[in-house]
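Undergrad: Go by the hints and put chain R onto chain U.
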Amino acid sequence: MPRFQFNPPTLRKIRRFQSIRRGWWSLVVFGCMVVASLFAELWVNDRALVVRYQGEFYFPGYSDPLPGATFGLDYAYETDYRDLARRFAAAGDGNWVLMPLVPYGPYTTDLRDDAFPPFPPDWRQRHFFGTDTVGRDVLARLVYGFRIAILFSLGLLAVNYAIGVSLGCAMGYFGGRFDLFFQRLIEVWSNVPFLYVIIIISSIVVPSFWILVLIMAIFGWIGITWTMRTVTYKERERDYVLAARVLGASHGRIILRHILPNTVAVIVTYAPFSVSSGIVALTSLDYLGFGLPPPTPSWGELLAQGWTYMSAWWIVASVVGAMVVTLVAVTFIGEAVREALDPKRYTIYE
Amino acid sequence: MTNGSIMPINPKDTKHPELRTVLLFCLFVLLLMVAGCGEEKTPGTDRKADATADAAPAARRPREPLPEGIVWQTNDTDPVFASPEAVRGGTLHEALLSFPLTFRTVGPDSNSSFRSAILDNQLSLVGIHPNTEKIIPELATHWAFDPDGRTMYFKLDRRARWSDGHPVTADDFAYTLDFMRSEHIVAPWYNDYYSREIERVIIYDDHTLAVVAARPVPDLHLRIAFAPTPEHFYGRLNDDFVLAYNWEIVPNTGPYQISDFEKGRRVRFKRKENWWAEDRRYFRHRFNADTVVFTVVRDFNLTWEYFKKRRLDTFALNLPEYWHVKSRTEVVEKGYVERIWFFNDTQQSAQGLWLNLDREIFADRRVRYAFAHAMNVEKVIDQVLRGDYYRLEHGFMGYGAYSNPEIRARRFDLGKVEALMTEAGWRRGADGIWTRDDRRFAVEVTYSLEEHTPRLVVLKEEARKAGVELQLRRLDATAAYKKVLEKKHDVAWMGWSTSLRPQYWEHFHSVNAHKPQTNNITNTDDPEMDRIIDAYRNSLDATKRAALSRQIQAKIHEIGAFVPTFMVPYVRQAYWRWWRLPEPAGTRHTGDLFDPFGSATGGLFWYDPARHAETEAAMKAGRGFEPVTRIDETYKMPSLR
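In the order they appear, the protein sequences are chains U and R. First residue of the first sequence? That's 1 in the working numbering, and the numbers climb one at a time after it. First residue of the second sequence? That's 1 in the working numbering, and the numbers climb one at a time after it.
One chain only, chain U, in its complex shape (with noise of 0.2 Å):
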């Protein structure tokens, strides 16, 4: 097998993508979100980074939870390390601890015996976006959940896409009753409201994040195999199809290496759009109830909070300005996306 290396074409999109400002920075700012998120234990936890004890160090972001007796102090569950570093810096012996810019986990309640949560945003307490109606940190709440959606739209987009693809290549290339049947099967199938099935499939079982994404998956594939089928259908009427068949080739030699590959464009054009509808339905299956179980951090859980306390402005505008923020982002890229691969480069419509 040769070295994999993009072609002088893929080259040329890729550059043309690059070309297209607005996409290309909301692919820069999307990136930093969701690598920012998958590391969101360094700076968003209520485990410290580094505590400094007697001389030695303790890294506990990543490990097990350390009993407060590990600490010197009075209590054998995990240590509270906000409440740590309030002794150390008071007791002032050269112990001391470094907290994440956002101290509160996203489990973390934080309640005062004073007042009643939900607490408006704080920059000394650092809650930047307040809390929400149990006193849990709203920026942190977004975070882990902004994790979680985007793992869940990626996962969901992988599965769909694996069934898609492969079934719509092959109603596609084979024709005949083979399409005829699956064909017949995807009518039938669409017509099933699914939101109310995934409605009721999730109140009886309460759904794991892979079992949400398999029950998604179910009505999930049938868009991207819709038009996987024409555009194969279209490519296998092609000469350099028919080139390769009289050169002796095998379907799968076929379908693989000469098919697909020309195909790319439309999958490709699809994702970015797959992966915006995927946050949006977990979001609105969350904020109806019937998604992840609480007390998972979600957006759409956010968003019911924020909708029954409105007095409490800072949840619902942290949500929906982050969904405003990714969403658009993630249709940015998918347009820049779109206009990077479409070959009639030169045409425009008035």
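Keep in mind that the hints were calculated from the coordinates and are not lab data. Treat the hints with care, since some could be wrong.
[To be verified] Listed below are the simulated DMTMM-like cross-link pairs for lysine to aspartate or glutamate, each with C-alpha atoms no more than 25 Å apart in a straight line:
1) Lys416/R x Asp80/U
2) Lys416/R x Glu78/U
3) Lys544/R x Asp525/R
TA: Quick look at chain R alone, frame taken from chain U:
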């Protein structure tokens, strides 16, 4: 949320405290009361002539001779609880979240929250005094118990009239049995109850009868004091019943009757002129509003807005959010709207965590105790519920002598958890959770109400400190209920509805353990427990039963499969200041101070036109009054003082 006076009465409801505007003085009595239908013809209803035309008058029932030696009793000495200052007049506006699907009180779709408004206007043979819990007259003036323990004799009030003017006779009670046993009403529960629990009605003359239960039962009057059904109205039933009576106004015996309604929008009740019972000792000075209008407002938040705009007269402020935050509003601060916090001493729902003893982890009693000590219920009360709720000490508080005041729920205590778990051979794992033989102390908590998530989230965080992991599983109410009844839960977060006396057999007797679709959701299976419960069920002596009841509660505490959480032993309401309440504002068992109809505790409030005029004038001029928040602790539970 219900707005006070109306609430679903369903023995299977898994209720939570905010919803409990319950009096449930006797679930039974309410369930037994059955509708008749009305006379006052209204523009909205055209009585279908054929519904009654077919019905041939029933043949006169045989009269039996009255047995010798009956000792008649009555009650005209218990204290009255209405205010002599009460005057008649005014219109009370209440909200309904949805319009009822039918005015029938039996049959398909009849179990709506509105049904109680209709049933409350159907008096029973006798009632129960809301403060002394003794029997008081309703339709019967006198009663007597037969030594056989299952027969009760009644003398009807000769002045008792249906709303269409017909006298209430013993035949109407006999007809209740015919009606309730009829297959035409399509109500299997009633069919079954009136066949299995009530044997027959014996008529001695038009105003004297006896009701015979199928077997001797304690508190017989709760079981058999049902309401009459107007035979002259229904006649012989046929297959048309369900459709023909959907919107019929059935004659009733209570103080109000539906005067008109607009489907989907409102129902208006009018007080009867010269109601036959208005001078009776326990009904005098009650049921003062001339009219009561129920308007449909389909959203709870909107109900609050309607109230502030004076389109509703009262609003339930039980939720901490409403009492503390939302009612900090102009109409309250200027004193146009008054607030009351009224403590009652009524049966408390058994709210809490129910552990499934068939789960291996809960087989060890020390682990169950440790679980209880790991639940920081006090923190939830103080920091999530604004200190408004109270700790439920055990599952049967508020049952008077039947409650054991000595039991205290196990408090959050890390030291005790540590000691119990170590003793049981567990140790803390790397993640801080207790482990033994690769088994982590992680249990699933099944619940259904979204509003309870904040409470559980805090419990979960606190339990983690104690080395117990709670995995929260919120299911849709039906799915959660099914899962729990099939005993597939580790821990169920739920509450049970209440009845006048504690019911133990269905929850704690081994007969109901280890099998699906019974209420013994802890799978409690203890021979000693069975013995006391059987004794409790078989005893007819009230004192002995109360003692056994307290003993059972101690046993439940000892077994430790139920971790009690919260109770709300009060009602909080807001009302426009021209509505007046007696002193004290309600009774021991009041669940809604502005319940317009309830024969036991309803109708104590009245309308003050002078104050109304004064308030209108002040509002126009922009003047305010001193804001009023009345706290009435007359009936506060002794343990909370």
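Undergrad: What hints, given by number in increasing order, does this structure fail?
TA: Nothing - there is no hint that the structure violates, so all of them hold.
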